[in-house]
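There are 2 protein chains.
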Amino acid sequence: MARRGEEGLLRQALGEPVAGNGLLHRRAFLRGGIAFTGGMAALAAGGGGAVAAAVGQSDPIGLDSPPTMTTPGRSFTPYGVPAAAESDVVRTFNVNPIAPGTGTSRTPLHLLNGTITPNGLHFERHHNGVPDIDPATHELIIHGLVDRPLVFTVDALMRYPMESHIRFIECAGNSGAAAGTMPPQNTVQGIHGLLSCAEWTGIPLNVLLDEAGVQAGASWILAEGADAAGMSRSIPLDKAMGDTILALYQNGERIRPEQGYPMRLVVPGFQGNINVKWLRRIKVTDGPTHTRDETSRYSELMPDGTARQFWLEFGPKSVIVQPSFGVNLTGPGYYEISGLAWSGAGRIARVEVSADGGMSWTDAALSEPVQSKALTRFRLPWRWDGQPVVLMSRAVDEKGQVQPTHEAWKAQFAPGQAFMYNGIQNWAIDANGEVSNV
Amino acid sequence: MARRGEEGLLRQALGEPVAGNGLLHRRAFLRGGIAFTGGMAALAAGGGGAVAAAVGQSDPIGLDSPPTMTTPGRSFTPYGVPAAAESDVVRTFNVNPIAPGTGTSRTPLHLLNGTITPNGLHFERHHNGVPDIDPATHELIIHGLVDRPLVFTVDALMRYPMESHIRFIECAGNSGAAAGTMPPQNTVQGIHGLLSCAEWTGIPLNVLLDEAGVQAGASWILAEGADAAGMSRSIPLDKAMGDTILALYQNGERIRPEQGYPMRLVVPGFQGNINVKWLRRIKVTDGPTHTRDETSRYSELMPDGTARQFWLEFGPKSVIVQPSFGVNLTGPGYYEISGLAWSGAGRIARVEVSADGGMSWTDAALSEPVQSKALTRFRLPWRWDGQPVVLMSRAVDEKGQVQPTHEAWKAQFAPGQAFMYNGIQNWAIDANGEVSNV
Numbered sequence: 001m002a003r004r005g006e007e008g009l010l011r012q013a014l015g016e017p018v019a020g021n022g023l024l025h026r027r028a029f030l031r032g033g034i035a036f037t038g039g040m041a042a043l044a045a046g047g048g049g050a051v052a053a054a055v056g057q058s059d060p061i062g063l064d065s066p067p068t069m070t071t072p073g074r075s076f077t078p079y080g081v082p083a084a085a086e087s088d089v090v091r092t093f094n095v096n097p098i099a100p101g102t103g104t105s106r107t108p109l110h111l112l113n114g115t116i117t118p119n120g121l122h123f124e125r126h127h128n129g130v131p132d133i134d135p136a137t138h139e140l141i142i143h144g145l146v147d148r149p150l151v152f153t154v155d156a157l158m159r160y161p162m163e164s165h166i167r168f169i170e171c172a173g174n175s176g177a178a179a180g181t182m183p184p185q186n187t188v189q190g191i192h193g194l195l196s197c198a199e200w201t202g203i204p205l206n207v208l209l210d211e212a213g214v215q216a217g218a219s220w221i222l223a224e225g226a227d228a229a230g231m232s233r234s235i236p237l238d239k240a241m242g243d244t245i246l247a248l249y250q251n252g253e254r255i256r257p258e259q260g261y262p263m264r265l266v267v268p269g270f271q272g273n274i275n276v277k278w279l280r281r282i283k284v285t286d287g288p289t290h291t292r293d294e295t296s297r298y299s300e301l302m303p304d305g306t307a308r309q310f311w312l313e314f315g316p317k318s319v320i321v322q323p324s325f326g327v328n329l330t331g332p333g334y335y336e337i338s339g340l341a342w343s344g345a346g347r348i349a350r351v352e353v354s355a356d357g358g359m360s361w362t363d364a365a366l367s368e369p370v371q372s373k374a375l376t377r378f379r380l381p382w383r384w385d386g387q388p389v390v391l392m393s394r395a396v397d398e399k400g401q402v403q404p405t406h407e408a409w410k411a412q413f414a415p416g417q418a419f420m421y422n423g424i425q426n427w428a429i430d431a432n433g434e435v436s437n438v
Numbered sequence: 439m440a441r442r443g444e445e446g447l448l449r450q451a452l453g454e455p456v457a458g459n460g461l462l463h464r465r466a467f468l469r470g471g472i473a474f475t476g477g478m479a480a481l482a483a484g485g486g487g488a489v490a491a492a493v494g495q496s497d498p499i500g501l502d503s504p505p506t507m508t509t510p511g512r513s514f515t516p517y518g519v520p521a522a523a524e525s526d527v528v529r530t531f532n533v534n535p536i537a538p539g540t541g542t543s544r545t546p547l548h549l550l551n552g553t554i555t556p557n558g559l560h561f562e563r564h565h566n567g568v569p570d571i572d573p574a575t576h577e578l579i580i581h582g583l584v585d586r587p588l589v590f591t592v593d594a595l596m597r598y599p600m601e602s603h604i605r606f607i608e609c610a611g612n613s614g615a616a617a618g619t620m621p622p623q624n625t626v627q628g629i630h631g632l633l634s635c636a637e638w639t640g641i642p643l644n645v646l647l648d649e650a651g652v653q654a655g656a657s658w659i660l661a662e663g664a665d666a667a668g669m670s671r672s673i674p675l676d677k678a679m680g681d682t683i684l685a686l687y688q689n690g691e692r693i694r695p696e697q698g699y700p701m702r703l704v705v706p707g708f709q710g711n712i713n714v715k716w717l718r719r720i721k722v723t724d725g726p727t728h729t730r731d732e733t734s735r736y737s738e739l740m741p742d743g744t745a746r747q748f749w750l751e752f753g754p755k756s757v758i759v760q761p762s763f764g765v766n767l768t769g770p771g772y773y774e775i776s777g778l779a780w781s782g783a784g785r786i787a788r789v790e791v792s793a794d795g796g797m798s799w800t801d802a803a804l805s806e807p808v809q810s811k812a813l814t815r816f817r818l819p820w821r822w823d824g825q826p827v828v829l830m831s832r833a834v835d836e837k838g839q840v841q842p843t844h845e846a847w848k849a850q851f852a853p854g855q856a857f858m859y860n861g862i863q864n865w866a867i868d869a870n871g872e873v874s875n876v
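Sequences listed follow chains A and B, in order. For what it's worth, the working numbering labels the leading residue of the first sequence as 1, then goes sequentially. For what it's worth, the working numbering labels the leading residue of the second sequence as 439, then goes sequentially.
Derived from the structure by calculation, the hints contain no laboratory data. Treat the hints with care, as some may be off.
Unchecked claim - With beta-carbon atoms standing in for the labels, derived distance ranges:
| id | chain 1 | residue 1 | chain 2 | residue 2 | range |
| --- | --- | --- | --- | --- | --- |
| 1 | B | R512 | A | H290 | 22 to 32 angstroms |
| 2 | A | V18 | B | K837 | 29 to 39 angstroms |
| 3 | B | P516 | A | W311 | 25 to 35 angstroms |
| 4 | A | H290 | B | P516 | 49 to 59 angstroms |
Ideal Cβ placement from N, Cα and C applies to all residues, glycine included.
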């Protein structure tokens, strides 16, 4: 029996490469694909080191029962937790030591797969900690340029019409370390981990704004949280009346405290902190309010010394997470290159991958259904020959926007500006399979 | 300022009803819908009891800061948990007292929204408890009618090509209480809670079977778990080679222990325990194995006294969860009727709702994108006039199969047979807004 160890796994190719350094066609493994039938026999023939043992001998292939089959297991739990062996799959912190509610925690994207972020691992960005809000007393106020100022209890909101959408949320400061002059030697979690994706369910904000009656002359709203930072941002009225929802549920259950319990805005594709958590107040206004949170931060210094404000929508972006820094290769042979792509402008249209530092590219497969303003998983089969390579991915969104190189991105701004970074991420792999950021 | 309390909320109609007892058109709230503009003014006019207060007075609408805005909040956590106020949103158990690893736990579907089940709340069905499996030593064996028997470590499997799909899993015994002669007075969790939905990521099983080389004459596989029940089921080979995956991730993170860590089968649309957890062995066979788990249970007694075996695929099914038993109405006026629909045969094509016990029906809106063999959320606006009503929902799948009435379902089987129940769920609402099962 062939034992499928890491060493000998899938050493042979699945059809001919379609781009430099062993990138295979994205459909090489697809059911019914032309490369499939011929490919698998080659894979098996090039497989593990052990020789196949005859079935029927005394447990040559481990047919004897493992201990777990002879000892009753554990009972039931009201609310489950991950396996103890996965205790390294946690958020990591960057916290102000004299203000422990100020900072960030990051999603371990390099250890996840698929597109959904489990609620316990959704990234956090707090400006003065997580408030404990009593849903029985919390109220949402809508006032300003409206015909009928309104106050909503949580119970009242639960009767309103709702929608569900899978959306990414990303901090405007995500990947900021990659905007510097030296590529940070850190994991995807450490560099790009202020990014998560969930199914959000809530009330279309336009239903509530229409009930209040938006007056002529209104053009923006102010959204304010009930946290100790009074975190507040301005949002263009057309976005607030568009795909913005007042979210009450995250991946099926009520929103977690650190995500805004009992309610937050979800403003798809816009800077993370515009998705205001612990929402308590919306004021309809005739222009942006220029709050502290959009003047002291989350605006971009330009080459001429001015600051660009209200550049709210993320451009197209992608990152390969397998392999990546800390997720090394264990020897030549077959691998699946896998990563995430997203855009604030809508759906991802394509993701191209290069294994030769950008000289040749081929399209990755996108996990269907590709959803608007959601993380999209891309995958590409690859046969690594053991030689040093540089892997890159490049996202294109449905509006035709193309993810820029690091250099092209940098040229837009003053030195040191690091918000809204979406440059291409390059991973170098050496002959030992170790991955570094270049 | 109008205060939006439960009492007076949305008392007026959104356009004219389209079916009996106040069911409104599913697009009544849609952006740009014809009923929308006219409807909202009426809603607001019929709103809360409090008179609107002038904005600008000393906090007439609660603009003063709540205490959470003046006290720093809590710091960061590696792995988050739900809000303390949501402590009733948990799985409930039905466990054998002398064998505490044998039984079920149920998803609180009546307290959730959207379509995803958070991992901590996915239902459980264990036959002898949850094993603690070491991923470093666990192996998957493929043997039987194959050219090359194979053994896979978890590390080896992590290099294989993967797919991600949102799929429901339902226990064959789910809703069994509703198959009796008396409608059970219990929540959706208590009646239908052996049902959950997640994004599963793993390896197409046909990739692994093709690598082993399925021999001529093979027609089924046996799948066996590493738990203390040795839970094992037979699966037709065409299903195993079809959309079945060997799942390693659930909603992004590695599968939880109670869901089969480190790996389980996901066999979309088929009976729950065929999605074998803690998978350790697949044997390719020339027919079903007739294991204990498919002869003593999970087969159906027919009117002529024979047992039907291997009726594996769920029919179309739906249930209204808001309102439902325990989720009562708080007074006449506007509500959103919301529920879940699913089918083992593919996508849900439509869900019809009746508020007059089945005399008239109208289509609910389906939350897009509708995905194959996944929970689909349906929603319908409704104006309740305070009179007694009976709510029903009826699912139709893309194959044209229609969810049967309770009576039509019962007529197929011997008395007492309760597996694979998918009859229509009727909820009666009395003049006090209390919901009962009829």
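Here is how each hint holds up against the structure:
Restraint check, B/R512 to A/H290: a C-beta distance of roughly 29 angstroms satisfies the suggested window 22 to 32 angstroms. Against the hinted window of 29 to 39 angstroms, the Cβ-Cβ separation of A/V18 and B/K837 comes to about 37 angstroms, which satisfies the hint. Checked against the given bound of 25 to 35 angstroms, the beta carbons of B/P516 and A/W311, roughly 32 angstroms apart, stay inside it. Between A/H290 and B/P516 the CB atoms are about 36 angstroms apart, so this pair departs from the stated range of 49 to 59 angstroms.
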